[in-house]
Amino acid sequence: MIWEQQEFRLSARSRGYHLVTREVREQLTGIEQIEKGLVHLFIKHTSASLTLNENADPSVRRDFETHFKRMVPEDTSLYEHTQEGPNDMTSHIKSSLLGSSITIPVTNGALNLGTWQGIYLCEHRNQRKTRTLVATLFGTNES
Amino acid sequence: MIWEQQEFRLSARSRGYHLVTREVREQLTGIEQIEKGLVHLFIKHTSASLTLNENADPSVRRDFETHFKRMVPEDTSLYEHTQEGPNDMTSHIKSSLLGSSITIPVTNGALNLGTWQGIYLCEHRNQRKTRTLVATLFGTNES
Amino acid sequence: MIWEQQEFRLSARSRGYHLVTREVREQLTGIEQIEKGLVHLFIKHTSASLTLNENADPSVRRDFETHFKRMVPEDTSLYEHTQEGPNDMTSHIKSSLLGSSITIPVTNGALNLGTWQGIYLCEHRNQRKTRTLVATLFGTNES
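Just so you know, the protein sequences line up as chains A, B and C, in that order.
Read in order, the letters of the first sequence are residues 67 to 209 in the working numbering.
Read in order, the letters of the second sequence are residues 67 to 209 in the working numbering.
Read in order, the letters of the third sequence are residues 67 to 209 in the working numbering.
Treat the hints as calculated values from the structure; they're not laboratory data.
Each statement offered as a hint is correct.
Same chains, same label: a pair holds when it works inside one copy or across any pair of copies.
Cross-link-like lysine-lysine pairs, in silico, DSBU-like; alpha carbons within 35 Å at most:
id : residue 1 : residue 2
1  : 195       : 135
2  : 195       : 110
3  : 135       : 110
Please take these sequences and the hints and turn them into a complete structure.
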């Protein structure tokens, strides 16, 4: 049984949806030893999310921003919690709609993603922020 | 410690929300040996999801379709990514709203679901597609 | 390798979003022994959810209620499944949007949450209900 746990930071990104598969993958020390297992990725924030989605066409990430801005409108008259502006409460709502963690199978030492799946960092705040993640890798080295 | 990992296909289903608890359960070889553990179910696609919901009344699944069609409208003027039609980008959005994986406790060799919980395959595309899942079972055989 | 699994009830709460970090934490017997691991929290219901969000300002929880009531309107003309009233189908939809489980890293014997993260019980039904959870703790006692 193999256990690896790393806390690390993703570089600050502008508001929107960003493909970070490669940047995350570089942090997964020890994944090569795992024949069958899982990786759990967790973001330690309440105004950013992790999700899996299409890894090829940048227009998908732009359409995510367009859609979620419409679905969770930045209208301060709708919310009490607006100390940090119209982007404050909406970021918290998007954080829970998209979620704080993802879990991905590990098979034969690699992430077992579908052909079109990539890891998105969803930055809901207008300000660029460095975000802290915890990666927990676990599994067996027996096939 | 027990580890089992299977990749398998669900039969193609029409657009909508489908109860697949039995079909998934048949793939969980080795679950009987696990006294305390978890099963992680993962769908390797960006236009279909897995979720847990009501397992009895088919009208719940129909209302899911009605609701999500209204909440994520198929209006190509709203999106850039529409090469595959009005159902293209909306499927990606629903994929992330409902999620690519579920994790269920295993207790005394069985899925420890609530009385009314069942596993839904959410098929967001108009075309029927065979969908690939990865089931990862892990736990202990000690009580 | 440590495995602990407990099934327990949260006290009944009124409709809305409730911070339950402390009540859940008290049930996590054995967490102190885990150097690197995870805890999986699962709710055995289809009309309540678990999510992580802001743990300080109660107005965030009130705004969650306001937002989700607007995003998933309680209008029986929109749904078939309304036997238990306008709050029936909407609770099922919110259950899947926010999800039935959360997974949190355990590091050095404690939940490794961000400074502002807390565990929310999301009670979607108008009636107060006792809710059953399953906590599965697993990890290694080696650092």
